[in-house]
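**Q** Protein chains in written order, with our numbering: chain A, 1 to 230; chain B, 231 to 350.
Since the hints were made in silico from the structure, they are not lab data. Treat the hints with care, since some could be wrong.
Stated by the list, open to error - What follows is a set of in silico ranges between Cβ atoms, one per label pair, in the way DEER data are often shown:
#: 1; chain 1: B; residue 1: Asp279; chain 2: A; residue 2: Ala167; range: 38 to 46 angstroms
#: 2; chain 1: A; residue 1: Glu110; chain 2: B; residue 2: Pro316; range: 48 to 56 angstroms
#: 3; chain 1: A; residue 1: Thr104; chain 2: B; residue 2: Asp279; range: 23 to 31 angstroms
#: 4; chain 1: A; residue 1: Arg145; chain 2: B; residue 2: Gln264; range: 29 to 37 angstroms
#: 5; chain 1: A; residue 1: Thr177; chain 2: B; residue 2: Ala286; range: 37 to 45 angstroms
#: 6; chain 1: A; residue 1: Thr79; chain 2: B; residue 2: Phe349; range: 44 to 52 angstroms
#: 7; chain 1: A; residue 1: Arg13; chain 2: B; residue 2: Gly343; range: 28 to 36 angstroms
Nothing here was measured: the structure is a model prediction, and the numbers come from that model. Virtual Cβ for every residue (Gly too), placed ideally from N, Cα, C.
The primary structure of each chain is shown beneath.
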Amino acid sequence: MSTTTPASTTTARLPAIEVVRAFAGALAQRDIPGAAQLLSPDVQVRALLPRGLVTWSGIPETVDHFEFWLGRFLATWGTATEPSLVEDRVATSWHHDGAYADGTGRHVIEQHAVVSVADDGIDRIDLLCSGFRKVQDSDDLEIERWDAGDLGCSDGLPAELRRHLQAVQAGGVLEVTVRDPAAKEDLPPLTRMMGHAVEQIDELPDGRLVVRIRRDACSIEPHGNLGRSS
Amino acid sequence: MTQLMFNCTHGADDPERATLPFVAANVAATSGQQAVVVCTIDGVTLGTDEGIEGIASPQLPVLTDLWDEFIGNGGEVWLCGACTKPRGISEEHVRKGARIVGAAKIIETVVMGATPIAFA
Chain A
1 MSTTTPASTT
11 TARLPAIEVV
21 RAFAGALAQR
31 DIPGAAQLLS
41 PDVQVRALLP
51 RGLVTWSGIP
61 ETVDHFEFWL
71 GRFLATWGTA
81 TEPSLVEDRV
91 ATSWHHDGAY
101 ADGTGRHVIE
111 QHAVVSVADD
121 GIDRIDLLCS
131 GFRKVQDSDD
141 LEIERWDAGD
151 LGCSDGLPAE
161 LRRHLQAVQA
171 GGVLEVTVRD
181 PAAKEDLPPL
191 TRMMGHAVEQ
201 IDELPDGRLV
211 VRIRRDACSI
221 EPHGNLGRSS
Chain B
231 MTQLMFNCTH
241 GADDPERATL
251 PFVAANVAAT
261 SGQQAVVVCT
271 IDGVTLGTDE
281 GIEGIASPQL
291 PVLTDLWDEF
301 IGNGGEVWLC
311 GACTKPRGIS
321 EEHVRKGARI
331 VGAAKIIETV
341 VMGATPIAFA
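Please work from the sequences and hints to get the whole structure.
**A** Set out below in C-alpha cells:
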C-alpha cells in the first residue's frame with residue numbers, strides 16, 4: 001500500500017502560487033518527501049549548475065538530485081522566498097546555510113527556480129544554482145570548549161549542554177569533554193534532539209570522550225519549540 | 231523490523247520481576263525484532279556478574295542463562311546511568327552485552343519509533 005499522497009490529490013484545486021510556496025517551503029526544511037508529493041510524475045527539470053546545464057525528468061531523479069544537494073549538510077538553516085507570479089509561471093528560491101557533513105565547515109547554497117504547475121502537480125522546473133559556497137571565515141569561528149566532568153543525565157547535563165550551545169554563535173563549534181559513562185552515550189542523541197550536529201567523537205587515553213558539536217542556526221527553547229538564534 | 235524496549239526495575243530483590251522482562255525480550259529477539267532491556271532502579275544490578283548471579287524464579291529460566299541467550303540473539307541491555315551511579319556501578323563492572331546509557335539515549339530511541347513495553 002502506497003504511503004505517498006499523489007500530487008494530484010495534494011495539489012488539486014490549489015492555486016499554482018500555493019503549490020510552489022509549499023514546494024519551496026519543503027525544500028527549505030529539507031523535507032524532500034514533502035516536496036516530492038507536489039511534483040507531477042511527468043516533471044521536467046532544467047538546472048543550470050556551476051558545472052553546466054543538466055536536464056532530467058520524473059520524480060525519482062528529481063528526488064535524487066535534491067537529496068544529493070541538501071543531504072550534504074549535517075545541520076542547516078533553510079529559508080524560502082515568497083513566490084511571485086510570472087504570468088502563467090511562478091518564481092521562487094530557497095537558501096541553505098549550514099555545516100557540511102564532510103567536516104569541511106560552513107557552506108551556503110541558493111537555488112532560484114521558475115516553475116510551472118499542471119493539474120497533477122509541478123511539471124516544469126527551470127533552476128539556477130549557486131553551487132556550494134564555503135563561508136570563508138567559518139574556519140576562523142572560535143571553538144568553544146567545555147569540560148563536563150562527571151555530569152550525567154541526572155546531574156544537569158542536558159540543561160548545561162543547552163546553555164553552552166546557546167553561547168556558541170550559529171555555525172560555530174563546541175567541544176565537550178565527558179567522563180560519565182551515561183553522558184558518553186547521551187551527548188550525541190541530546191545534540192541531535194536539540195537540532196545540532198555531532199561532527200566528531202574522539203576517545204582520550206583515560207577513557208574520556210571529546211565530542212565536537214556544530215551549532216545549527218536554530219536553538220531549542222526550554223519548552224521545546226524551535227526558535228531563531230539570537 | 232520493530233525496535234522494542236522492555237523495562238526492568240528489579241534485581242535480586244524480586245527474581246520474578248527481574249527475569250520476566252528478559253523472557254519477553256528474548257521472545258522478541260528470537261522472532262527477529264530489535265529488543266532492548268532497559269534496566270532502571272535495582273534492575274541495573276543485573277548488569278554486573280555479582281548482581282545477576284543466582285537469580286532464578288520458579289518456572290522461569292535461570293537469569294544468567296537467559297541473559298546469554300538473549301545477547302546471543304542480538305539483544306541489548308541498557309543500564310540507566312542515573313541508577314548505576316549511586317550504586318557504584320561503572321563501565322568496568324558491566325557484563326558483556328550491557329552498557330550504561332542516559333535518559334537522552336532512551337528518549338531519542340523512542341522518538342525514532344521504538345515501542346516501550348512494561349512487562350513486570
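**Q** It remains to establish, for every hint, whether it holds in the given structure.
**A** Right, here's what the structure says about each hint:
1. B:Asp279 with A:Ala167: 38 to 46 angstroms: holds, 43 angstroms
2. A:Glu110 with B:Pro316: 48 to 56 angstroms: holds, 53 angstroms
3. A:Thr104 with B:Asp279: 23 to 31 angstroms: 46 angstroms Cβ-Cβ, so the 23 to 31 angstroms window is violated.
4. A:Arg145 with B:Gln264: 29 to 37 angstroms: Taking Cβ atoms as reference, arginine 145 (chain A) and glutamine 264 (chain B) lie about 36 angstroms apart, which means the hint holds.
5. A:Thr177 with B:Ala286: 37 to 45 angstroms: holds, 43 angstroms
6. A:Thr79 with B:Phe349: 44 to 52 angstroms: holds, 47 angstroms
7. A:Arg13 with B:Gly343: 28 to 36 angstroms: Taking Cβ atoms as reference, arginine 13 (chain A) and glycine 343 (chain B) lie about 34 angstroms apart, which means the hint holds.
Of the numbered hints listed earlier, the single one contradicted by the structure is hint 3.
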